[in-house]
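S.K.: Residue numbers (my numbering), protein chains in the order written: chain H, 1 to 250; chain F, 1 to 321.
Rather than coming from a laboratory, the hints here were simulated on the basis of the structure.
Hints may contain errors.
[What the hints assert, rightly or not] Listed below are the simulated SDA-like cross-link pairs for lysine to any residue, each with C-alpha atoms no more than 20 Å apart in a straight line:
(1) H:121 to F:181
(2) H:166 to H:131
(3) H:166 to H:125
(4) H:56 to F:210
(5) H:56 to F:34
(6) H:121 to F:184
(7) H:56 to F:208
(8) H:56 to H:41
(9) H:195 to H:56
(10) H:56 to F:199
(11) F:114 to H:75
[To be verified] Ranges of calculated distance between the beta carbons of each label pair, as one might list FRET restraints:
(12) H:168 to F:291: 43 to 51 Å
(13) H:115 to F:132: 30 to 38 Å
(14) F:135 to H:115: 35 to 43 Å
Predicted model, so just to flag it, every value in this text is computed and none were measured.
Note that beta-carbon positions come from the ideal geometry of N, C-alpha and C, so glycine has one too.
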Amino acid sequence: MTDHLLKVSALCKHFGGIVATDHVDLAVEQGQVHAIIGPNGAGKTTLIGQLSGQIKPDSGNIEFGGRSIINHSMARRAREGLARSFQITSVVMPMTLLENVMLAVQGASGHSFRFWSPVSKDQALQDEAMLSLAEVGLDDRARRIAANLSHGEQRQLEVAMALAMKPRMLLLDEPMAGMGKEEGAAMVEILNRLKGGITILLVEHDMDAVFSTADKLSVLVNGHIIATDSVDNIRGNVEVQKAYLGDGHA
Amino acid sequence: MFGLLDSWSARIYALLLLVLAAAPFIFDWIDQPFYLDLLSRGLILAIAVVSLNLILGFGGMVSLGHAAYIGIGAYAVGIPSYYDYYNGWLHLALALAVSAVFALVTGAVSLRTKGVYFIMITMAFGQMMYFTFLSLEEYGADDGLVIYSRSEFPDFISMDSSTGLYYWIFGLLLASLLFVHRLVHARFGRVIVGSRFNEQRMQALGFDTYRYRLACYVISAMMCGVAGMLLGNFTSFISPDMIGWARSGELIFMVIIGGVASFMGPLVGTLVFVILEEALSAITVYWHLIFGIMLVALVLFGKGGIHGWLCLLDRQRSEHD
Chain H
1 MTDHLLKVSA
11 LCKHFGGIVA
21 TDHVDLAVEQ
31 GQVHAIIGPN
41 GAGKTTLIGQ
51 LSGQIKPDSG
61 NIEFGGRSII
71 NHSMARRARE
81 GLARSFQITS
91 VVMPMTLLEN
101 VMLAVQGASG
111 HSFRFWSPVS
121 KDQALQDEAM
131 LSLAEVGLDD
141 RARRIAANLS
151 HGEQRQLEVA
161 MALAMKPRML
171 LLDEPMAGMG
181 KEEGAAMVEI
191 LNRLKGGITI
201 LLVEHDMDAV
211 FSTADKLSVL
221 VNGHIIATDS
231 VDNIRGNVEV
241 QKAYLGDGHA
Chain F
1 MFGLLDSWSA
11 RIYALLLLVL
21 AAAPFIFDWI
31 DQPFYLDLLS
41 RGLILAIAVV
51 SLNLILGFGG
61 MVSLGHAAYI
71 GIGAYAVGIP
81 SYYDYYNGWL
91 HLALALAVSA
101 VFALVTGAVS
111 LRTKGVYFIM
121 ITMAFGQMMY
131 FTFLSLEEYG
141 ADDGLVIYSR
151 SEFPDFISMD
161 SSTGLYYWIF
171 GLLLASLLFV
181 HRLVHARFGR
191 VIVGSRFNEQ
201 RMQALGFDTY
211 RYRLACYVIS
221 AMMCGVAGML
231 LGNFTSFISP
241 DMIGWARSGE
251 LIFMVIIGGV
261 ASFMGPLVGT
271 LVFVILEEAL
281 SAITVYWHLI
291 FGIMLVALVL
301 FGKGGIHGWL
311 CLLDRQRSEH
321 D
């Protein structure tokens, strides 16, 4: 029996008559990069939303570290070590990069009912935030306002914030969405650096990125996982190619 | 307190505070005691506006019921005095405690809503408090309640003289300015400000934003309760008129005039509001009309309020250097 950090069983979610998540079973091993691929509208972001606690599933169970977290709020799951990034960039735009990441460090380090000491004089908080910024290569731009960054840099900031929470597991929702080739390559490099140290569930469109980082792949079609296997086996799976990759990849 | 005096806005604010500190002597010297009354009222309202700016400006919680806490504070002086309890510490403790409880209960409900619903529900709770005081026959109902003696602080600064009361007000104003400044830059304040711009992200970072926002709402209400306690002492008379929703609207205007989410803006905005109100009403009985037009112009063209203009001045000056 392998050590599963995240275990999803029979997860279901309907939006009206639309089945967004259809009895999804998923097990992510400790330390692995597990990617979920699937065509547009397959329910990838809805799945991430349910894992992170943003969306309440209709039925099914989610276990994290051996305990059910199905009734835990998004904030509680984050404190328990399940950090996520968003498909549509979600940072505090008017704040600097450093301030954004400091908030993430703050979120992971006990309660914030501290009313008197300024965070700007909290050296430990700043140092930790700078470390996370350095991990994604943004430490030289720490004092810039998030809103003034390029799209690719904002995506990197997303990842830095998730990292700063020192999570046991990262849920990355299309970290390369809308990125150019160069920016995408930089993100793949970041992911490969993180690989092994931290368990990652990666939802991504970019096939090359997925093939070069993931240990394991699950294919999600119409809310249902049709295959879960190693990268090489998925590549050779005829059914998957028909459903998703198209003839070009065959 | 506001960093070094390296910008024009900081120098102007520092000068303003110095003038305010010396105001009783200045008005005494030019023999205009009425101005001290006007200024006392202005600074009391400024404390209320500083507290409102904490939730409205920094927290993005637009409350249209904040005047209720002025009422709670004022009645926390009036009702005990009615029964001959004049101890000021008692009044202050009552103002803080009742404001906190009312804010905790109403905030717990209101903060479940967002946007215009939050505005409406805070207004509804505010009006609830208004009609409660209106129905209290024992305490004067709509005729109001006369306070025959100011709060007593044995072995401490007395409120009995207008100068003594003024320094109480000025001291508490300074304390509230300092408190908000520290709060916003501390961990708690960062969560509040972050939640204003991106609440979902803050939750994904592990913050139960609801709890932080509720705590902020209660803190703001308690500060406003202190303003009410001072107002009760200042006017020596309280009536439900002080706390209707139109009063809450005026508080919002004062925040906007001064500059939303700025530290000194509320003080400047309140002073400008009070002085304009006084000056215009001396010129014409139709002063509301002129005042209204000025406010519309300010909202349309004066983004950032007076604080915003001073920041523009800072930028122009630094470009000249």
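S.K.: Please write out, lowest number first, the hints stated earlier that are contradicted by the structure.
M.R.: 5, 9, 12
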